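K.L.:
Line order of the protein sequences matches chains P and L. The numbering of the first sequence is the numbering used here, which starts it at 528 and goes up by one. The numbering of the second sequence is the numbering used here, which starts it at 11 and goes up by one.
Among the hints, erroneous ones may be present.
DSBU-like, lysine-lysine: derived pairs with alpha carbons at most 35 Å apart [stated by the list, open to error]:
id, chain 1, residue 1, chain 2, residue 2
1, P, K727, L, K339
2, L, K329, P, K954
3, P, K978, L, K329
Just so you have them, the derived chain P footprint on chain L, three or more residues with Cβ under 8 Å [stated by the list, open to error]:
id, segment
4, 95-105
5, 110-119
6, 266-279
7, 313-327
8, 333-339
In case anyone wonders, no lab produced these hints; they're calculated from the structure. Treat the numbers as computed from the prediction; the structure is a model and nothing was measured. The beta-carbon is built from N, C-alpha and C at its ideal position, and this holds for glycine as well.
Spelled out from the first residue to the last, the chains are:
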Amino acid sequence: MATALKTIKEARAPLATAESVVVRFAGDSGDGMQLTGGQFTLSTALAGNDLATFPDFPAEIRAPQGTTFGVSAFQINFGSTEIDTAGDEPDVLIAMNPAALKTNVDALKPGGLIIADEGEFGSRNLAKAGYGEVNPLEDDSLAKWQLIRLNISQLTLDAVKPFGLGTKDALRCKNMWTLGLALWMFDRDRQPLIDWLKAKFAKNPVIADANIAALNAGHAYGETAEIGGPMKQYHVDPAPVAPGLYRTVTGSESLAMGLVAGTQLAGLKMFFGGYPITPASAILHYLSRLKEFGVTTFQAEDEIAAIASAIGASYAGQLGITSSSGPGIALKGEAMGLAVMTELPLVIVNSQRGGPSTGLPTKTEQSDLYQAVYGRNGDTPMPVIAARSPVDAFDCAIEACRIAVQFMTPVILLTDGYIANAAEPWKVPDMAGYEPFPVKFLDHVPEGGLKPYGRNEKLARPWIKPGTPGLMHRIGGIEKQVGTGNLDYSPANHQAMTNARKAKVDNIANHVPEQDVTLGAPGGKLAVVGWGSTFGPIHQAVLRARAKGRDVSQIHVRHIWPLPRNLGDLLKSYDRVIVPEMNTGQFKTVLRDQYLVDARPLNKVSGQPFKISEIEAAIEEALA
Amino acid sequence: MNEITKLTPADWASDQEVRWCPGCGDYAILKAVQRTMPELGVSRENTVFVSGIGCSSRFPYYMETYGFHTIHGRAPAVATGVKLANPELDVWLVTGDGDGLSIGGNHMLHLIRRNLDCQVLLFNNEIYGLTKGQYSPTSRVGTRSPSTPFGSVDRPTNPCAFAIGCGGRFVARAIDTNLKTLPEVLKRAHANKGTSFVEIYQNCIVYNDGVFEDFTEKKAAPATQLWLEDGQPMLFAGGTKGLRLNRDHLHLEVVDVVDGDWQAADVLVHEESNKAVAQMLIDMPFPAFPIALGVIYCDPAPTFEAAVTAQNAEVSAGKTPDLNALIRKGQSWTVDGKPHAV
């Protein structure tokens, strides 16, 4: 979803095939499908189409070749109109082997096009994919789709023959041959890809040339071969987007950049304590290259040390940030309580994945909402923010930093595996448009004496850096005395401090925007309320329903805790509320609890994002 | 610096009431630390005491410095963040045998191997005090406690052996109530740049009283304590006994020294940087051997925070932090002012 696409009329009819195309590349995890998809995405962006992608890969790095569990896929939806999701059903499936065909073909739209590398459909690969003796390319099992059989493996070998590579290396150019064919199909310029290959293999020009030759050969094949039948060229017009400078960005990249921006706007240095975990590691990788922005990254010995070191850094006057996924966040729970008790700023990023336990490391889910809002011992309130898309993660990260430093509190920033890996075009903002929120450390004894747990108008305590003369004091996880912060177990004090911590976080609702209605208007028959990465499918589903004249609005919540101050009244202005979530109904429960509204769940926990059609059907049912 | 040199031990004591059990060894350690601080030439505001959970971990509340009483076992990780964020701070870490070697053993390992510049004071009382007397990872086999009513069966760890095994570059031992030697060890620990690991034998008067008395008792001390000093022979029992290296079997042995002629008895001279001998000294079984005390091993190496700071500076050199440039990095494209018709 390009944020600039505000010009789209919501009355637009359902997208016609001519306006948008969904392509899925699928192959073995060693076939370079993610790379192929990434480069096709870039060429799509450069062609001016709006787009959304869905990389879907196995948890295994190199699963046994040819197996169904080793299949890696990359889906892209692009068009001349607003694109918010990676598409419900592919129009085109490029299958590099039998396993890729087997695991992906059922998703293909009836009548859709299959391009299969028949060179890989030998008896061994057929058996590994579970096809047995029967070659699906040769019976009528694919009859409801259109099939093009190409011996991509042989065509690639022929194309790179002049470079004298071994068969194994030569076959590694298959993905570029395929990409060349895809570029021809969608009328794309090859030059940016050729430039990219030259840069990528600058140290090995033979490999660069072989890949370029494969790319050109795939393109030429489309141009010259007498394929006939279903193979034809598509042209997709550029999308009508607002003028400006664009780039593609994944959620991990934009979130990391947002954290840097947030720290800079606060006038602080960043300390990032992390521990490798899928799908959150990309944030650690990205930040570790940005030391010139005052970023220190620390790969800690475990998740607990990652957050504990970040708390230590915040105590010492930098902005401590830590990032993980569900299992790692669980380990950080006790330390989050310490940050709440010591009232230190801290940002905790959770790139959610399928759970519980190790669950589905590379698949997406939204099932850590309870954990974020409630998952600590004691009455331990913490603000929670959720990003809706890769681009939105940038602003959400800045917002998390702002709340953390202005209210002296740890903040949880929720994203998920889908947002983390998916790419979309981003109209790059001008940072001059962002209001700085510089931190003011306490550097002298204030009138009335030093009160480490005194509070300002935001109910935040002062931030005092060790090293400041005259302000020595002690903090810790034991209950603090009101004002002084000394140990105090007394009943009245614990009541007062529990109330103070709650009041501070509740009050944040007065310092964040009121909840808006993304599509539609306050009041009506139905509101579809979402949070996080379900934004895309909900948005498209509500657009389509409204185009059919349905009385339905979209409300998408960024501030999960505390909730926007007008949300209760807003929800009560609709006859019905449905809450689509990739969990078993967690936000629905929070809404019911907070507002006593009859919020109805729409749940999906398959590790895959919602399809637009699934939400459309729920809208129709709710209005029936 | 004038203000610093004028400070007295009382200036390093906070206004908080000390809450350890009467007679606890922690009082003696607190006194030794407060007595040592004015002699280090450091300021109170640049000093940070970080602790975990347990009796010993209440320590920061009683020091008139910055202090952070964190969570069980995690003080090394918090201290790492503090020191990386501000390497100018003088960081002390106070922990115990349970906090530092059981729940926090992993963090202790990594703190030591990274060689973060800080002083680790591990109060070893061989028991869990704050949770009312369960056996700890340093308790001897057979320790009867509420959780081991028939005696513990698992073998204890040796804190100094752990530290040196983790790659520690400064390992020392001291005794809580010895107000003469403890400050000297603390000064050496402070002078070392890197993780200075100090095991302090600390008596828990309530749950493990007298566990170290075989060598801490005044009468027993001379015959059982070996105080190590760099460049000096390893003598004890008033100079009548010493340690010799059996070169055939590579182990230490106790020898008698006649008329002070330690050379004749082939007594070893302590060489702080000799790791192999340090490991033997740490592992000596008591009471067949004396307890090695003082600075057992000291062989400084570059510190973690110095390496991090240097790399941060090196790779940032000549680069201007420009957010607008950062978010525009990579392949981009411009859409002109006239939106395309659909």
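K.L.:
State for each hint whether it applies.
P.N.:
Results for each hint:
{"no.": "1", "hint": "P/K727 <-> L/K339", "in the structure": "holds (16 Å)"}
{"no.": "2", "hint": "L/K329 <-> P/K954", "in the structure": "holds (25 Å)"}
{"no.": "3", "hint": "P/K978 <-> L/K329", "in the structure": "violated (40 Å)"}
{"no.": "4", "hint": "95-105", "in the structure": "holds (count 4)"}
{"no.": "5", "hint": "110-119", "in the structure": "holds (count 3)"}
{"no.": "6", "hint": "266-279", "in the structure": "violated (count 0)"}
{"no.": "7", "hint": "313-327", "in the structure": "holds (count 5)"}
{"no.": "8", "hint": "333-339", "in the structure": "holds (count 5)"}
Going through the hint list in order, the structure does not satisfy hints 3 and 6.
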